[in-house]
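Just so you know, the protein sequences line up as chains A, B, C and D, in that order.
Using our numbering, the letters of the first sequence map in sequence onto residues 99 to 235.
Using our numbering, the letters of the second sequence map in sequence onto residues 99 to 235.
Using our numbering, the letters of the third sequence map in sequence onto residues 99 to 235.
Using our numbering, the letters of the fourth sequence map in sequence onto residues 99 to 235.
Careful, some of the hints might be misleading.
Identical copies go unnamed one by one, so any copy, or any two together, can satisfy a pair.
Once the Cα atoms are required to be at most 27 Å apart in a straight line, the calculated DSS-like pairs of lysine-lysine come out as [to be verified]:
1) LYS191 with LYS229
2) LYS213 with LYS191
3) LYS213 with LYS203
4) LYS185 with LYS148
5) LYS163 with LYS183
6) LYS229 with LYS183
7) LYS148 with LYS213
8) LYS222 with LYS185
9) LYS194 with LYS148
Rather than coming from a laboratory, the hints here were simulated on the basis of the structure.
So the chains spell out like this:
Number of protein chains: 4
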Amino acid sequence: MISNRFDLRVIYADTDMMGRVYYGKYLEYFEAARSHMLRAINLPYSELEKMGVFLPVIEAHCEYKGAATFEDNLIIHTSINQFPKAKIRIDYKVFKDGNEAVIAKGYTVHSFIKKTGQPIRPPKIFLDALKNHWVEE
Amino acid sequence: MISNRFDLRVIYADTDMMGRVYYGKYLEYFEAARSHMLRAINLPYSELEKMGVFLPVIEAHCEYKGAATFEDNLIIHTSINQFPKAKIRIDYKVFKDGNEAVIAKGYTVHSFIKKTGQPIRPPKIFLDALKNHWVEE
Amino acid sequence: MISNRFDLRVIYADTDMMGRVYYGKYLEYFEAARSHMLRAINLPYSELEKMGVFLPVIEAHCEYKGAATFEDNLIIHTSINQFPKAKIRIDYKVFKDGNEAVIAKGYTVHSFIKKTGQPIRPPKIFLDALKNHWVEE
Amino acid sequence: MISNRFDLRVIYADTDMMGRVYYGKYLEYFEAARSHMLRAINLPYSELEKMGVFLPVIEAHCEYKGAATFEDNLIIHTSINQFPKAKIRIDYKVFKDGNEAVIAKGYTVHSFIKKTGQPIRPPKIFLDALKNHWVEE
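With the rest of the complex left out, here is chain A (with noise of 0.2 Å):
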């Protein structure tokens, strides 16, 4: 498996009028989440565009366990659990600092494509990042 942990620190514009952060928002810290990941594996997502390799998400699911609101510090805990075939899965679990409870978690499928959209192999360079970061759980 491969994991990551971001932190992030939830601002205004994430809230809404309950003063929780909005639903739609974890899919933002979940893609922040998981551009930092793919940083610390070295292969940033900018550069994989670069090499006209694309992730679109094909699907996004999350559960909310919790709430949480303006400046709370948010940890993400990122994980490639399966090494990906044709799709690759990135699961996320959303905690407070220094709270044990999952206030959500979810996870996002994608596709590896080319800018004009069809679909290709997940890239050997993009294997390799995995193989050379992957521990046994």
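Assemble chains B, C and D onto chain A, guided by the hints.
Leaving out everything else, chains B, C and D in the frame of chain A:
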């Protein structure tokens, strides 16, 4: 079932550098469509909140089958297919105007709570509004 | 001058924990209204971009006189009051439906560039569209 | 004056189909930087709100001198240059890390109100925090 159609036009802010609507935006589109459906059954969500009834999202799911871009006219078909007990599930399908292909589909699941966060049963006014507009499939 | 009216309904995502529309959202409202005005003069911004003409914002300003909240119906009056030379300025006033009080007003200034970023003069098709719809005040 | 540096990394959600950070996002960046500055003078905005003091934005301005894109490291220099009377003005300058060119600059003006919306004078605790951290230019 309850079903509803909501139309929206993609703005530039909704797009990302892939030239598509950002995946997280669909949860905002779902919300706009959901609120539109509640107004159509004479139960605006703003009125529910004034009565002290909140329907936070406890689960959200979206599958992306195609892409939308700036100035596309999107149609969102929203439906409630099961009469709610403790929770309510709402389904969404997104189309481009004039095209039968689903570009995204998903659902949200909501609980019923008081402002304090305490879970409550779906209020009678809510269940009555559903009954009054319920159509057998 | 060119003037245009655009209607929109505030969604929950647009609000913040103060219970109001978040101040940054007004720039999205301005954009939606601006694109609506360009469509009304038969010059959709998506068409302009396809011709290789981009109008990035080089200045944005907004004054907040009141507050809007979830499910408010807003009306945005958009206008071009000076015929453009190198740049174009667009003005916006936001009202609640049925109320004369301005809740926000502002402007954006845009340059004309090619996709490469190179500045260009306003293209003839753009100036012609303005002339064809120009109304003396 | 009070001055502060805030670092952020551009996420994909912040970009638009021009491949740049969307112009409205800068107001969110300003907010994140502003809240960061208030925490640095031991006056987190979340604490102010708990004391019943709100600082809504009554004016916002931004000039765009350059462009930022996905994964750019941005630095925001935030400053208060005039000691507040009834209102407070906060200034922002956005740079890319390692580059002296300003890519955006702007300001926000805030009033002081109670939750009810009633204008108040800047509270003593706020003025004291400014005095304690004030540096002559």
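Taking the hints in turn, this is what the structure says about them:
no., hint, in the structure
1, LYS191 with LYS229, "within (23 Å within a copy, 38 Å between copies)"
2, LYS213 with LYS191, "between (30 Å within a copy, 26 Å between copies)"
3, LYS213 with LYS203, "between (30 Å within a copy, 23 Å between copies)"
4, LYS185 with LYS148, "within (20 Å within a copy, 32 Å between copies)"
5, LYS163 with LYS183, "between (31 Å within a copy, 19 Å between copies)"
6, LYS229 with LYS183, "within (13 Å within a copy, 47 Å between copies)"
7, LYS148 with LYS213, "both (10 Å within a copy, 18 Å between copies)"
8, LYS222 with LYS185, "within (14 Å within a copy, 45 Å between copies)"
9, LYS194 with LYS148, "between (35 Å within a copy, 20 Å between copies)"
Hint check: no violations occur; every hint is consistent with the structure.
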